[in-house]
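Same order as they appear, the protein sequences are chains A and B.
Quick note: to get our numbering, add 428 to the position in the first sequence (first position is 1).
Quick note: to get our numbering, add 428 to the position in the second sequence (first position is 1).
Don't read these hints as lab results, they were simulated from the structure.
Each hint should be verified, as a subset may be incorrect.
Each pair may be met inside one copy or between any two copies, as identical chains are not told apart.
Under the rule of at most 20 Å between Cα atoms (straight-line distance), these lysine to aspartate or glutamate pairs were calculated in the EDC-like manner [as the list claims (entries may be wrong)]:
| # | residue 1 | residue 2 |
| --- | --- | --- |
| 1 | LYS800 | GLU826 |
| 2 | LYS608 | GLU547 |
| 3 | LYS608 | ASP678 |
| 4 | LYS584 | GLU804 |
| 5 | LYS760 | ASP813 |
| 6 | LYS712 | GLU439 |
| 7 | LYS830 | ASP702 |
| 8 | LYS714 | GLU625 |
2 protein chains.
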Amino acid sequence: MKFLKTIKVEEFKDILESISELKTGEEYITIEECFNRITSRDIQSRIDVPHFRKSRMDGFAVIAEDTFNAEEDNFINLELIETIQAGDIPQKELSSGQCSYVATGAAIPENANGVIMVEFTESQGNIISISKAITPGTHIIEIGHDIKKEAIIVNKGTIINLATMGILASSGIKDVWVFKQPKASLLSTGNELISQEIKTLEVGKIYDVNSIVLKKAIENTGVLVDFLGIIKDDYEELKKAIDDALENSDIVILSGGTSKGEGDLGPKVLEEYDNIEILVHGVKIKPGKPIIFAKIQNKIMFILPGYPTSALSCFYVFIDNFLRKLSGFPLKDNFSKEMEVGERIYSTVGRHEFKTVKIQEDGGVNKIFPIKTGSEAISTMFYADGYIEIDELESIIEKGDKRKVYFF
Amino acid sequence: MKFLKTIKVEEFKDILESISELKTGEEYITIEECFNRITSRDIQSRIDVPHFRKSRMDGFAVIAEDTFNAEEDNFINLELIETIQAGDIPQKELSSGQCSYVATGAAIPENANGVIMVEFTESQGNIISISKAITPGTHIIEIGHDIKKEAIIVNKGTIINLATMGILASSGIKDVWVFKQPKASLLSTGNELISQEIKTLEVGKIYDVNSIVLKKAIENTGVLVDFLGIIKDDYEELKKAIDDALENSDIVILSGGTSKGEGDLGPKVLEEYDNIEILVHGVKIKPGKPIIFAKIQNKIMFILPGYPTSALSCFYVFIDNFLRKLSGFPLKDNFSKEMEVGERIYSTVGRHEFKTVKIQEDGGVNKIFPIKTGSEAISTMFYADGYIEIDELESIIEKGDKRKVYFF
Numbered sequence: 429m430k431f432l433k434t435i436k437v438e439e440f441k442d443i444l445e446s447i448s449e450l451k452t453g454e455e456y457i458t459i460e461e462c463f464n465r466i467t468s469r470d471i472q473s474r475i476d477v478p479h480f481r482k483s484r485m486d487g488f489a490v491i492a493e494d495t496f497n498a499e500e501d502n503f504i505n506l507e508l509i510e511t512i513q514a515g516d517i518p519q520k521e522l523s524s525g526q527c528s529y530v531a532t533g534a535a536i537p538e539n540a541n542g543v544i545m546v547e548f549t550e551s552q553g554n555i556i557s558i559s560k561a562i563t564p565g566t567h568i569i570e571i572g573h574d575i576k577k578e579a580i581i582v583n584k585g586t587i588i589n590l591a592t593m594g595i596l597a598s599s600g601i602k603d604v605w606v607f608k609q610p611k612a613s614l615l616s617t618g619n620e621l622i623s624q625e626i627k628t629l630e631v632g633k634i635y636d637v638n639s640i641v642l643k644k645a646i647e648n649t650g651v652l653v654d655f656l657g658i659i660k661d662d663y664e665e666l667k668k669a670i671d672d673a674l675e676n677s678d679i680v681i682l683s684g685g686t687s688k689g690e691g692d693l694g695p696k697v698l699e700e701y702d703n704i705e706i707l708v709h710g711v712k713i714k715p716g717k718p719i720i721f722a723k724i725q726n727k728i729m730f731i732l733p734g735y736p737t738s739a740l741s742c743f744y745v746f747i748d749n750f751l752r753k754l755s756g757f758p759l760k761d762n763f764s765k766e767m768e769v770g771e772r773i774y775s776t777v778g779r780h781e782f783k784t785v786k787i788q789e790d791g792g793v794n795k796i797f798p799i800k801t802g803s804e805a806i807s808t809m810f811y812a813d814g815y816i817e818i819d820e821l822e823s824i825i826e827k828g829d830k831r832k833v834y835f836f
Numbered sequence: 429m430k431f432l433k434t435i436k437v438e439e440f441k442d443i444l445e446s447i448s449e450l451k452t453g454e455e456y457i458t459i460e461e462c463f464n465r466i467t468s469r470d471i472q473s474r475i476d477v478p479h480f481r482k483s484r485m486d487g488f489a490v491i492a493e494d495t496f497n498a499e500e501d502n503f504i505n506l507e508l509i510e511t512i513q514a515g516d517i518p519q520k521e522l523s524s525g526q527c528s529y530v531a532t533g534a535a536i537p538e539n540a541n542g543v544i545m546v547e548f549t550e551s552q553g554n555i556i557s558i559s560k561a562i563t564p565g566t567h568i569i570e571i572g573h574d575i576k577k578e579a580i581i582v583n584k585g586t587i588i589n590l591a592t593m594g595i596l597a598s599s600g601i602k603d604v605w606v607f608k609q610p611k612a613s614l615l616s617t618g619n620e621l622i623s624q625e626i627k628t629l630e631v632g633k634i635y636d637v638n639s640i641v642l643k644k645a646i647e648n649t650g651v652l653v654d655f656l657g658i659i660k661d662d663y664e665e666l667k668k669a670i671d672d673a674l675e676n677s678d679i680v681i682l683s684g685g686t687s688k689g690e691g692d693l694g695p696k697v698l699e700e701y702d703n704i705e706i707l708v709h710g711v712k713i714k715p716g717k718p719i720i721f722a723k724i725q726n727k728i729m730f731i732l733p734g735y736p737t738s739a740l741s742c743f744y745v746f747i748d749n750f751l752r753k754l755s756g757f758p759l760k761d762n763f764s765k766e767m768e769v770g771e772r773i774y775s776t777v778g779r780h781e782f783k784t785v786k787i788q789e790d791g792g793v794n795k796i797f798p799i800k801t802g803s804e805a806i807s808t809m810f811y812a813d814g815y816i817e818i819d820e821l822e823s824i825i826e827k828g829d830k831r832k833v834y835f836f
């Protein structure tokens, strides 16, 4: 097992890019549940759509040949033998000289091969006078015109959106094979962390934020997530928790574990595993330097900083779209816009910084302003509209410079 | 009661714009459930954050005055009396000449008023030698620095996002008052419609698509939705179903009800209601002309076309963001892009058309192509990437023209 050196942001992104998929198996779910899931098999239509010849218009189903001589000054009379509404089963077949009324979407009677619109007819009792000739096929939607029976309507590997649900529903499909959603286990570590269940907070303790925020952030990517609890800064306890997490999930996400002054507890525990490949240990970014990304026994593991603001920043920048790729959810468009900096911004040389900023009006123009609290303050994230990237070698961004803001 | 004339798209959008909110009452839910919900009261912090004086760094808590003469060539020795990790409660207060080790985030012992970073110290047993003077307050985060107890941390009417969940969690809040989600009832009407539960389809029948697709589309806006079933084209049955829907929900969405050749069943039933205000009856658009929008007894009602492709188009163009506004969900950005038309597109004069299009590469450039099937085909929606708007008076858009594509 090897711990690597601190790497750059782009290298980390490349490493994440290289992990293409998780093998999660498949499951059979109802069409109501399948939105945003990924088909694990090709899906064939159960039926022809439409599965009967139907009318595209309100009008009269006729034998087209009966109308060939009809003109505005040469009406042809046909006998009306039936009225067929949408949903009705035609009861009579046409003979020459006969017609049936058909509503839009209604089934065409046997022997009919065209529909003449109501506008080109006059009625008197059961005599329909026709003023226009039509060619065979006019205004008839043939069987399978839209979808052929047993045609593949949705390919394996497709994200099911509303239109896909529509095509499945119209083909009479009630259940679909999809890939299972990846499962993540979430852990918070730190002796200082306390659940919101506990009303009275002792000195030294703080409420655990990551169990709430990261849990929802992971859920939003289409990955199932179990919060396994707050783990003490204790080697045995953390080892056992990670073992459980690896046993029960595809992805393990741990925040904290670096709060002991003497060193990182998370990395120490990871050293124990045989089949571990530590792909990233430290990224040259602020906030969030101590991030770890590893593969253990074909499972994926992240260790994120404990500060909620840092953990959520790392999640947005690196993990959000990575998890979406694994679950198949649509990727998040990192909406960005170039804007003017409204106030000098300072940064630390030697670290690529994701600086949270807020957008405020200044002289009628929206400009970028730094958030002055640090990553230890939860309000930093709360008041931020997005972030700007500051290069490793930059220490100052001057007022008036232009920067791209990535919005949360 | 008055039925209005067919109106233009922009007029319809203005009418929807003028409906600002539904009164839905409030409910008390857990922080885990509150994502994308809207606060119905101002929320105050239960605690100061931090609620104890804490260290921003790994270092030694000192009485700053003890360090005033320390320099690189004039070390000052202090006695180490305690080690305080994050989460620990300090056991000893400092006297002059003493210090305690404090990890990042750990509580500061009583009497300490500064933290000196480990880098500026040397240790020998319990003697810590300090090479730098610090001013009072250095590296200490004071009580309430981030959030003051009882300060309003989230205003009434705020959509709760991940950062809001973070600030609630850090303030020890477990439950929040939010507005109830609006409730919609969904109905499909048409004698031809059959549920996917039924495997064998008779001639004349088709599978109901709107119950699946519109249901999910409504859910995605943050509105709760009940599908009340497929209603026959029968006056009494439809009246009863609408009565039930009005009784049990804030919004009623009906698709179809216009399939009887003799006229619209939906509008006929609506005529019965006393407190009805029909705001829209027909919009000059293709597809979807027969759309109805009404207020009945302070409830909102839409009647959409029965064809799934038309119903979903209308939903995207008019209803999606309207429901999001009512539920408080973030509005959908109608992502659009100007592109070149790759093939002549025909349209009907006299109707504003939302023409579904697909984007295909042509000579190395992505261009707009019309979808050739009509709104009666479910595959029209399935193969479309988006739509373009075609003005009432345009009949042809030439190859090479530029148009804005709105992506689904």
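Legend entry - Same-copy or cross-copy closeness of LYS800 to GLU826 [CA-CA at most 20 Å]: Answer is within; shortest intra-copy Cα gap is 16 Å, inter-copy 54 Å.
Legend entry - 20 Å Cα threshold - placement of GLU804 relative to LYS584: So LYS584 and GLU804 fail the 20 Å test inside a copy (45 Å) and across (26 Å) alike.
Inset, instruction - Evaluate LYS608 and ASP678 at a C-alpha cut-off of 20 Å and name the case that applies: within, between, both or neither. - result: Only inside one copy: LYS608 and ASP678 sit 11 Å apart there, 35 Å across copies, limit 20 Å.
Legend entry - LYS608 and GLU547: within-copy, between-copy, both or neither at 20 Å Cα: Cα proximity of LYS608 and GLU547: none, with 54 Å in one copy and 50 Å across.
Legend entry - Alpha-carbon proximity between LYS830 and ASP702, which holds within one copy, between copies, both or neither at 20 Å: neither (49 Å within a copy, 59 Å between copies)
Legend entry - Up to 20 Å CA-CA - GLU439 versus LYS712, copy category: within (10 Å within a copy, 54 Å between copies)
Inset, instruction - At 20 Å max between alpha carbons, let me know whether LYS760 reaches ASP813 within a copy, between copies, both or neither. - result: both (16 Å within a copy, 18 Å between copies)
Inset, instruction - Have a look at LYS714 and GLU625 and pick one of within, between, both or neither, based on CA distance no larger than 20 Å. - result: Cα proximity of LYS714 and GLU625: none, with 32 Å in one copy and 55 Å across.
The structure is inconsistent with the numbered hints 2, 4, 7 and 8, although it conforms to all the rest.
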